[in-house]
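There are 2 protein chains.
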Amino acid sequence: MTTTLPPIPSGETSDDAANAANATGPIAADGGGEPTESHLYVADESGIDVPALTRVLDGRWADMRAWGREIGGDPAFARPLDISMADHRELTLDRLKELAKRNWSAQMLPEHLGGTNNPGGNIAAFEELVAADPSLQIKAGVQFGLFASAILHLGTAEHHRRWLGDTMSVDLPGAFAMTEIGHGSDVSAVGTTATYDEETEEFVIHTPFRAATKEFLGNAALHGEAAVVFAQLITKGVNHGVHCFFVPIRKDGELLPGISSEDDGEKGGLNGIDNGRLAFNKVRIPRTNLLNRYGDVAADGTYSSDIASPGRRFFTMLTTLVQGRVSLAGAGVTAAELALGIAITYGTQRRQFADFTAINEVVLLDYQLHQKRLFPLLARTYASAFAQEDLLGAFHEVFSGEGDTEENRIDLETMAAALKPSATWLALDTIQACREACGGAGYMAENRLVGLHQDIDVYTTFEGDNHVLLQLVGKRLLGEYAKSMKSMDTGDVTKFIASRAETISARHTPWRRLLQSASDLGSVRRTAASLRDPALQVELISARAETLVEELSLALRQANSMSKQDATALVNSHQAELIDTAKAHVDLILLTAFNNGLTKVEDDETRAVLVRLRDLFALTTIEKNLAWYLMNGQLSLGRARTLNDYIARLLTKIRPHALDLVAAFGYNQDHWRAPISSGIERIRQEEAAEYYRHLRASNDGPIDEKILHRRQREQRNAESKSAG
Amino acid sequence: MTTTLPPIPSGETSDDAANAANATGPIAADGGGEPTESHLYVADESGIDVPALTRVLDGRWADMRAWGREIGGDPAFARPLDISMADHRELTLDRLKELAKRNWSAQMLPEHLGGTNNPGGNIAAFEELVAADPSLQIKAGVQFGLFASAILHLGTAEHHRRWLGDTMSVDLPGAFAMTEIGHGSDVSAVGTTATYDEETEEFVIHTPFRAATKEFLGNAALHGEAAVVFAQLITKGVNHGVHCFFVPIRKDGELLPGISSEDDGEKGGLNGIDNGRLAFNKVRIPRTNLLNRYGDVAADGTYSSDIASPGRRFFTMLTTLVQGRVSLAGAGVTAAELALGIAITYGTQRRQFADFTAINEVVLLDYQLHQKRLFPLLARTYASAFAQEDLLGAFHEVFSGEGDTEENRIDLETMAAALKPSATWLALDTIQACREACGGAGYMAENRLVGLHQDIDVYTTFEGDNHVLLQLVGKRLLGEYAKSMKSMDTGDVTKFIASRAETISARHTPWRRLLQSASDLGSVRRTAASLRDPALQVELISARAETLVEELSLALRQANSMSKQDATALVNSHQAELIDTAKAHVDLILLTAFNNGLTKVEDDETRAVLVRLRDLFALTTIEKNLAWYLMNGQLSLGRARTLNDYIARLLTKIRPHALDLVAAFGYNQDHWRAPISSGIERIRQEEAAEYYRHLRASNDGPIDEKILHRRQREQRNAESKSAG
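Protein sequence lines correspond, in order, to chains A and B. Quick note, in this note's numbering, the first sequence goes up one by one and the last residue is 724. Quick note, in this note's numbering, the second sequence goes up one by one and the last residue is 724.
No lab work stands behind these hints, which were simulated from the structure alone. All C-beta atoms, glycine included, are put in the ideal place defined by N, C-alpha and C. Some clues are possibly wrong.
List of simulated lysine to any residue pairs, SDA-like, C-alpha gap at most 20 angstroms [as the list claims (entries may be wrong)]: (1) A:Lys236 / B:Leu708; (2) B:Lys236 / A:Ile707; (3) B:Lys706 / A:Ala308; (4) B:Lys282 / A:Glu687; (5) B:Lys236 / A:Ile703; (6) A:Lys706 / B:Phe315; (7) A:Lys372 / A:Leu643; (8) A:Lys372 / A:Thr642; (9) B:Lys706 / A:Ser304; (10) A:Lys372 / B:His574; (11) A:Lys706 / B:Tyr294; (12) A:Lys706 / B:Gly311; (13) B:Lys653 / A:Asn572; (14) A:Lys624 / B:Gln634; (15) A:Lys706 / B:Leu318; (16) B:Lys236 / A:Asp704; (17) A:Lys564 / A:Ser553; (18) A:Lys653 / B:Leu570; (19) A:Lys564 / B:Ala358; (20) A:Lys706 / B:Lys236; (21) B:Lys706 / A:Val238; (22) A:Lys236 / B:Gln712; (23) A:Lys372 / B:Ala569; (24) B:Lys706 / B:Phe356; (25) B:Lys564 / A:Ile707; (26) A:Lys653 / A:Arg607; (27) B:Lys236 / B:Tyr294.
Chain A side only, calculated, beta carbon under 8 angstroms to chain B, not exhaustive [stated by the list, open to error]: (28) Met85; (29) Pro208; (30) Arg210; (31) Gly265; (32) Tyr367; (33) Asp465; (34) Glu687.
Partial list, derived from the structure: chain B residues whose beta carbon lies under 7 angstroms from chain A [as the list claims (entries may be wrong)]: (35) His240; (36) Phe356; (37) Gln368; (38) Tyr443; (39) Ala627; (40) Ala688.
Throw the hints in and build the complete structure from the sequences for me.
In structure tokens, the structure reads:
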């Protein structure tokens with residue numbers, strides 16, 4: 001399996017980066033400099049090599065991550081507390097300009113445009129901005145990842161020459177005007193029109209009705225001076241579908257004629273970004289403002305495109321924007337890592353309720369319940385971090401030009417559509433679990449968790465609504481299945497699986513590799529001795545992923561012979577199963593990524609701990625779908641009943657390594673910036689314990705009424721005895 | 001079963017209240033006045049009598065709900081957008097004073113103190129304040145529900161005379177100083193001391209170490225002029241445990257000598273409240289400032305109490321504060337109802353993706369997935385609303401004096417500990433599902449959902465952390481089981497169940513009634529024809545609730561014969577199961593409440609719809625634990641496989657009634673205040689549809705490139721034919 005893995009990075013760059021990120025350890029020097037182990041922290045027989053594990057997690061673009069992490073930990077970029085929306089917006093613009101001065105995102109450009117042609121590394125750095133302020137991250141995402149990327153990927157040389165420089169320096173802040181009030185997920189149906197006028201050689205950009213107003217656009221309410229506008233291109237009476245146009249919208253802060261804008265005002269989070277609406281009243285732009293890489297209009301109005309099919313052309317244009325999904329998936333992983341770092345560290349210091357001695361109190365993380373609330377999320381976060389590295393690799397392959405094939409683009413699109421929902425939901429679930437696990441302290445803004453939730457919340461529905469994306473994944477899986485089925489007896493599932501494995505083995509991108517890995521293992525023993533057998537785990541999780549596709553295909557088989565209305569109704573009645581199918585494949589992607597990640601861990605003791613974490617991921621994933629496994633005869637009742645005990649034992653075994661596991665994410669106090677995990681809680685607890693120790697030792701301390709009662713009883717008993 | 005139900009309220013008051021709340025219907029008059037049905041809304045054969053259903057839901061205190069709902073819909077109390085924390089705090093104080101002018105919460109006082117002795121009605125009104133601004137609700141909760149309640153319930157006549165008037169008028173804003181930095185859930189361990197000084201006849205209130213600082217107190221940072229402080233009462237060298245003291249903290253806005261305060265600053269929500277910390281440096285207060293209902297200190301320092309056991313005394317004092325949990329449970333239900341109202345209404349108007357005609361677009365709520373995301377939450381919200389009415393009844397019984405027995409107090413405490421976690425988590429889950437179901441629009445603060453999430457978030461961890469409360473419930477269940485087991489062979493489970501049913505049948509409070517109902521039904525047919533059989537549903541859900549208790553008891557049986565250390569470890573290793581056990585009982589409470597609620601619905605057609613909703617609640621609850629049912633042989637594989645289809649069919653059947661079901665909650669545009677559900681979306685959609693209808697009808701409209709291609713192909717074919 002190792003031959004298909006991306007090369008393990010070596011050399012000084014990534015080592016240094018990892019070391020630098022861990023130099024201060026989980027507690028910053030000014031937090032006391034001591035190690036952060038809990039008082040009940042019991043060192044296990046094996047220990048984690050934290051810097052080495054960080055190197056593995058940081059992966060191929062460790063240098064870019066280190067750079068992003070430096071900014072993420074710089075107070076100059078930290079999410080402000082108790083700030084007005086207006087001030088936060090200005091602050092965020094200023095910070096974005098500061099990032100631009102440091103050549104932020106220039107790495108995404110090809111060499112001839114002043115970049116390093118390092119799209120994967122660019123996203124790796126971007127992911128780290130969550131630690132600074134998600135508002136800054138998304139403001140940068142709008143400016144570089146969307147606005148500049150549209151010019152770069154949908155425009156041609158002249159566009160690059162005219163606008164890219166000012167865009168990258170943020171001298172030209174821009175909006176990405178795709179979504180409309182009436183159409184978010186269904187981009188092909190946007191109402192904005194761009195009608196070509198042969199006489200003036202101009203496009204007329206127009207908002208024909210209220211619902212066609214562009215909506216939720218960062219930079220639209222205040223800062224944007226131009227927008228890349230997605231509109232139906234109409235020339236010579238023909239609508240050639242959605243294309244992208246460069247439209248100036250403001251000059252010196254004033255809206256240009258025909259442009260109107262409304263402010264979206266306060267949002268659930270990300271209030272450092274000036275989201276707003278844009279409408280166009282017959283706004284004229286030169287013909288050459290059409291970003292014409294995939295479709296052009298000649299001066300006489302003749303339309304031309306290298307891609308004959310309008311559907312394929314539209315898909316191609318949209319694919320260039322997959323960067324947003326890839327980077328949000330990574331941002332979700334970062335957010336989950338930060339939240340776990342804060343909550344798990346606090347959990348090893350915070351004490352509540354006396355232990356069996358009735359003197360000491362128990363640290364929260366020693367409670368089974370606390371472990372059960374946090375460790376499965378920690379395990380899934382590890383799986384997601386490994387999967388994100390694979391996704392970045394797939395993205396880099398296409399966008400660096402190393403392997404820009406249509407097949408790779410489709411794979412990348414599918415993988416991003418699978419991992420963006422998974423990682424952003426994981427982030428929200430994890431942040432919320434961490435917030436509640438920290439009690440009232442978790443609700444204080446200074447402890448970061450609530451702000452993270454507020455900001456990350458929208459990551460689940462923008463850049464592709466999570467449920468819509470999972471439907472794309474589900475449909476892709478059905479399509480692959482249908483292709484495989486064409487040449488065989490529909491009843492012969494065994495034959496199908498073999499055929500599928502064969503097809504898949506000829507491919508070589510990560511998406512396909514993971515299916516391959518699954519198939520390779522798919523034939524192994526159902527009689528494995530233990531649920532901790534990794535082959536059995538893969539078999540169970542891949543069996544579910546495959547069976548759900550097959551069952552759904554079967555259920556929808558009649559759709560082809562139905563009226564369109566009936567077929568639509570049939571598909572709708574299985575929509576929830578389509579989502580389940582996609583989610584089952586996400587689980588398989590994550591498990592495969594975790595297993596691949598394990599092969600990169602060289603230190604035996606570190607790997608032993610990670611194997612337990614992988615087991616916890618696999619077994620809690622199986623547990624979530626346990627009813628399915630039982631109903632489908634994939635697990636016996638006897639084996640199913642052992643699951644709970646396995647999981648309980650894994651929690652206990654992971655407990656001593658919890659601090660190391662979050663330390664390995666590479667964040668420290670500079671990134672967490674949460675007083676509750678700074679060590680102050682431990683100092684307070686020690687001070688309290690010292691107070692009580694002193695009271696007990698002295699004769700001045702009050703005696704507890706309960707103890708007094710007991711002594712009085714004893715005395716009475718003694719007296720009555722001596723009297724009798 | 002009907003004989004044990006609370007009387008169905010009748011008479012004009014509640015009728016009028018329900019009618020008033022529904023006067024404008026789900027769409028306010030200024031929203032167009034039309035009914036809000038979707039374009040695909042298909043009227044079912046049966047219809048819901050919305051005002052009658054509202055009357056059932058509003059229950060015994062419909063008049064008080066109507067009053068609270070009026071304030072909840074009054075713009076003068078509406079949660080502000082984009083406001084600074086400082087301004088929001090002042091606004092909230094002003095609004096609290098305005099509420100006081102209207103005699104808010106005076107109903108909780110007995111007649112001789114100027115009230116109406118209507119504690120249940122008081123909470124019913126309180127629950128409605130969520131619709132106004134949760135900050136106002138919790139500020140009111142701090143002032144009346146905690147500060148005034150402590151004076152009322154823990155103090156005696158002289159305290160009432162001195163402080164209650166100013167407290168109820170908010171001339172004396174107060175803090176409730178129980179939680180400390182170091183101790184939230186474990187109140188008995190607070191560090192603050194109140195040491196009696198015989199010479200001056202004063203208590204000395206002192207914060208002996210940093211962790212003993214009082215924390216998260218509303219009114220502490222700015223507005224509070226006094227605090228009720230929970231501290232260890234020490235006199236004559238004996239610590240008599242936690243008691244409550246009235247301590248002045250500010251005069252004319254300045255902190256008094258020895259008092260220090262810190263501001264908690266920005267929080268995840270509820271930023272209209274000035275939460276903060278209080279510390280005491282040997283602050284002296286008169287002896288008579290001890291709220292001495294349950295324990296007193298004479299001038300010479302002699303301690304006395306009617307309750308000999310310190311443990312029971314502490315429990316009795318804390319029980320007086322159960323009001324907070326009861327009211328937060330209700331607030332959670334209100335929040336879920338509001339969120340569902342907004343999202344379901346929007347879901348019937350918002351369209352996305354073309355339907356089978358390729359012309360019209362589908363409203364979101366016609367997608368199965370959308371139904372599956374929202375309807376099970378709607379069903380659980382109905383169950384919770386019915387259960388809340390029972391809880392209010394139990395609360396009223398104790399606090400009005402109608403039935404203030406220790407047994408009833410313990411039952412009330414347990415029921416509140418069960419329903420507060422359930423309702424507040426339901427609220428958070430529902431709000432988040434609704435927010436995501438509304439896409440980007442759901443993230444805009446003006447559409448309410450994000451603000452609700454931010455504010456309600458902390459309801460899950462304050463006034464008793466949800467997980468800690470569920471452990472209380474679990475332990476209570478184990479205790480009841482142990483009591484029943486004492487007199488019998490431990491292996492004889494059948495005998496136990498019989499004995500238990502017998503014990504239970506002698507009781508009469510809601511908590512016990514529900515167990516009784518379960519036992520009554522527990523013997524019915526396992527061979528029921530259908531999972532929609534209500535007796536089978538009750539049997540399945542009660543079987544799980546009972547079996548989990550029994551299994552856990554069995555697993556912990558050895559604890560008594562172990563060392564304290566081993567016993568603690570054993571209990572800890574089953575902590576997650578303890579929580580599962582408590583949650584299973586919550587499910588049973590909710591199902592029983594839903595079934596009882598159904599008997600109050602007189603209109604057959606309304607009841608028919610609610611029966612489906614109850615089925616959905618029961619079946620999705622069983623589905624969540626399906627693996628358990630299979631592993632425990634409670635459901636056959638065959639029956640389990642039918643569950644998914646049942647649920648899918650229920651979704652379809654509930655769909656036509658979704659708007660009526662949220663309308664019956666009694667909220668309208670005044671309460672929702674969410675532009676997305678105001679009807680504006682439908683108007684925009686119609687405008688867009690009209691635009692396209694016009695385009696299709698005219699000859700001016702551009703032709704789609706895809707259609708053009710098809711026509712060209714057809715023309716070429718025709719030409720080649722005619723040429724051939």
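Each hint, compared with the structure:
For the hint linking Lys236 (chain A) to Leu708 (chain B), the alpha-carbon distance of about 12 angstroms falls within 20 angstroms, and the restraint holds. Between Lys236 (chain B) and Ile707 (chain A) the CA atoms are separated by roughly 15 angstroms; this keeps the pair inside 20 angstroms, and the hint holds. Under the criterion of a C-alpha separation no larger than 20 angstroms, the hint pairing Lys706 (chain B) with Ala308 (chain A) is consistent with the structure, at around 10 angstroms. Simply put, Lys282 (chain B) and Glu687 (chain A) have alpha-carbon atoms about 19 angstroms apart, close enough for the 20 angstroms limit, and the pair holds.
Between Lys236 (chain B) and Ile703 (chain A) the alpha-carbon distance is near 9 angstroms, which keeps this suggested pair within the 20 angstroms criterion. Restraint check for Lys706 (chain A) and Phe315 (chain B): satisfied, since their Cα atoms lie roughly 14 angstroms apart, inside the 20 angstroms limit. Distance restraint check for Lys372 (chain A) and Leu643 (chain A): the Cα-Cα separation of roughly 14 angstroms lies within the 20 angstroms cut-off, and the hinted pair is therefore satisfied. For the given pair, Lys372 (chain A) sits about 17 angstroms from Thr642 (chain A) by alpha-carbon distance, which is consistent with the 20 angstroms threshold.
For a cut-off of 20 angstroms, the pair hint linking Lys706 (chain B) to Ser304 (chain A) stands: about 14 angstroms separates their Cα positions. Under the criterion of a C-alpha separation no larger than 20 angstroms, the hint pairing Lys372 (chain A) with His574 (chain B) is consistent with the structure, at around 11 angstroms. Of the supplied pair hints, the one linking Lys706 (chain A) and Tyr294 (chain B) holds, its CA atoms being roughly 16 angstroms apart against a limit of 20 angstroms. Distance check on the hinted pair: Lys706 (chain A) and Gly311 (chain B) sit about 8 angstroms apart at the alpha-carbon level, within 20 angstroms; holds.
Annotation: proposed proximity of Lys653 (chain B) to Asn572 (chain A) holds, straight-line Cα distance about 15 angstroms (limit 20 angstroms). Only pairs whose Cα atoms come within 20 angstroms are accepted, and Lys624 (chain A) paired with Gln634 (chain B) is accepted, the gap being roughly 19 angstroms. This hinted pair checks out: Lys706 (chain A) and Leu318 (chain B) have alpha carbons roughly 18 angstroms apart, not beyond 20 angstroms. Only pairs whose Cα atoms come within 20 angstroms are accepted, and Lys236 (chain B) paired with Asp704 (chain A) is accepted, the gap being roughly 11 angstroms.
Restraint check for Lys564 (chain A) and Ser553 (chain A): the C-alpha separation of about 17 angstroms stays at or below 20 angstroms, so the hint holds. At most 20 angstroms may separate the alpha-carbon atoms for a hinted pair to count; Lys653 (chain A) and Leu570 (chain B) meet this at roughly 16 angstroms. The suggested pairing of Lys564 (chain A) with Ala358 (chain B) holds, with an alpha-carbon distance near 10 angstroms, which does not exceed 20 angstroms. Proposed proximity of Lys706 (chain A) and Lys236 (chain B) is supported: the alpha carbons are some 15 angstroms apart, at most 20 angstroms.
For a cut-off of 20 angstroms, the pair hint linking Lys706 (chain B) to Val238 (chain A) stands: about 10 angstroms separates their Cα positions. The straight-line distance between the Cα atoms of Lys236 (chain A) and Gln712 (chain B) is roughly 15 angstroms, inside the 20 angstroms bound, and the hint therefore holds. Of the supplied pair hints, the one linking Lys372 (chain A) and Ala569 (chain B) holds, its CA atoms being roughly 16 angstroms apart against a limit of 20 angstroms. Restraint check: the Cα-Cα separation between Lys706 (chain B) and Phe356 (chain B) comes to about 17 angstroms, which is no more than 20 angstroms; the hinted pair holds.
At most 20 angstroms may separate the alpha-carbon atoms for a hinted pair to count; Lys564 (chain B) and Ile707 (chain A) meet this at roughly 18 angstroms. Among the hinted pairs, Lys653 (chain A) with Arg607 (chain A) is consistent with the structure: their alpha-carbon atoms are about 14 angstroms apart, no more than 20 angstroms. At roughly 18 angstroms between alpha-carbon atoms, Lys236 (chain B) and Tyr294 (chain B) fall within 20 angstroms of each other, so this suggested pair holds. Annotation: Met85 (chain A) was flagged as interfacial toward chain B, and the flag holds, the nearest CB pair being 5 angstroms apart, inside 8 angstroms.
The interface hint given for Pro208 (chain A) is met, as the beta carbon of that residue sits about 6 angstroms from the closest beta carbon of chain B, less than 8 angstroms. For Arg210 (chain A), the interface hint holds, the least distance from its beta-carbon to any beta-carbon of chain B being 5 angstroms, beneath 8 angstroms. With its C-beta approaching chain B no nearer than about 6 angstroms, Gly265 (chain A) sits inside the 8 angstroms limit, and its interface hint holds. With a least beta-carbon distance of about 6 angstroms to chain B, the hint placing Tyr367 (chain A) at the interface is held under the 8 angstroms criterion.
Evaluation of the Asp465 (chain A) hint against chain B yields a held restraint, the C-beta minimum of about 6 angstroms falling below 8 angstroms. Satisfaction of the interface hint for Glu687 (chain A) is found here, the shortest Cβ-Cβ separation to chain B being roughly 5 angstroms, below the 8 angstroms cut-off. For His240 (chain B), the shortest C-beta to C-beta distance to chain A is roughly 5 angstroms, which falls under 7 angstroms, so the interface hint holds. Taking 7 angstroms as the C-beta cut-off, the interface hint given for Phe356 (chain B) holds, the closest approach to chain A being about 4 angstroms.
Checking Gln368 (chain B) against chain A: minimum C-beta separation of about 4 angstroms stays under 7 angstroms; hint holds. Proximity of Tyr443 (chain B) to chain A holds as hinted, the smallest CB-CB distance being about 5 angstroms (cut-off 7 angstroms). A distance limit of 7 angstroms between C-beta atoms decides the matter here; for Ala627 (chain B) the minimum to chain A is near 4 angstroms, and the interface restraint holds. Nearest Cβ of chain A to the Cβ of Ala688 (chain B): about 4 angstroms, under the 7 angstroms cut. The hint holds.
Checked against the numbered hints given earlier, this structure breaks none of them.
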